[in-house]
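Residue numbers (our numbering): 1392 to 1505.
These are calculated hints, taken from the structure and not from any lab test. Positions of the beta carbon are idealized from the N, C-alpha and C atoms, including for glycine. Fair warning: there could be bad hints in the mix.
Claimed, not checked - Simulated restraints on C-beta separations:
id : residue 1 : residue 2 : range
1  : T1486     : E1437     : 39 to 45 Å
2  : T1486     : F1396     : 37 to 43 Å
3  : M1409     : I1455     : 21 to 27 Å
4  : L1399     : G1436     : 52 to 58 Å
5  : E1419     : I1475     : 18 to 24 Å
6  : E1459     : F1403     : 36 to 42 Å
7  : L1416     : I1475     : 36 to 42 Å
8  : F1396     : F1492     : 50 to 56 Å
9  : V1434     : A1400     : 49 to 55 Å
10 : P1439     : L1401     : 45 to 51 Å
11 : Y1408     : I1455     : 32 to 38 Å
12 : G1436     : L1463     : 20 to 26 Å
13 : F1492     : A1395     : 20 to 26 Å
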Amino acid sequence: MEFAFALLALFFFFAVYMQFIQIFLLHEQLVFAGFTASRTHAVRGEIPARQAANAIDADARIRIDGNEVLLLRNIPIPAALSDIFAEGNGVLPVTHRSPFFDEIDLTDRLKGDN
């Protein structure tokens, strides 16, 4: 009987651990999409930046405001964790802000060194 409870507790902790790993990995995917969109926006403009971010994370919502890229994503979580972390909504909202890159034109950089 004790073995069954221990196995059940071990399974529960493993399930919680895997949920946290999923949240972490999806957040890192969102960060990478934001970085890519920010860099692409500096070089090629807004439409290619949106396409690049969508290619990396199709579930993210992208908003380009002023001088930053804002990405929003809702991560579905189980009901047991939803009550604790997401106020019972069933999804955990995750956001990431990436400031625009300021690309410098270095084509004539060496002319001033002479």
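Taking the hints in turn, this is what the structure says about them:
The hinted range of 39 to 45 Å is not satisfied by T1486 and E1437, whose Cβ atoms lie roughly 19 Å apart. Here the CB-CB span from T1486 to F1396 is close to 39 Å, well matched to the stated 37 to 43 Å. Checked against the hint of 21 to 27 Å, the C-beta distance between M1409 and I1455 comes to roughly 34 Å, which is inconsistent with it. Distance hint for L1399 and G1436: a CB-CB separation of about 54 Å, consistent with the stated range 52 to 58 Å.
Checked against the given bound of 18 to 24 Å, the beta carbons of E1419 and I1475, roughly 22 Å apart, stay inside it. A C-beta distance of roughly 40 Å is found between E1459 and F1403, which places it inside the suggested range of 36 to 42 Å. Between L1416 and I1475 the beta carbon distance is about 20 Å. The supplied range of 36 to 42 Å is therefore violated. The hint said 50 to 56 Å for the Cβ distance between F1396 and F1492, and at roughly 54 Å that hint holds.
For V1434 paired with A1400, a C-beta distance near 52 Å keeps the hint of 49 to 55 Å intact. Judged by the Cβ atoms, the range 45 to 51 Å given for P1439 and L1401 holds: they are separated by roughly 48 Å. Our hint of 32 to 38 Å for Y1408 and I1455 holds, since their Cβ atoms are close to 36 Å apart. Checked against the hint of 20 to 26 Å, the C-beta distance between G1436 and L1463 comes to roughly 21 Å, which is consistent with it.
Distance hint check: the CB atoms of F1492 and A1395 are about 56 Å apart, inconsistent with the given range 20 to 26 Å.
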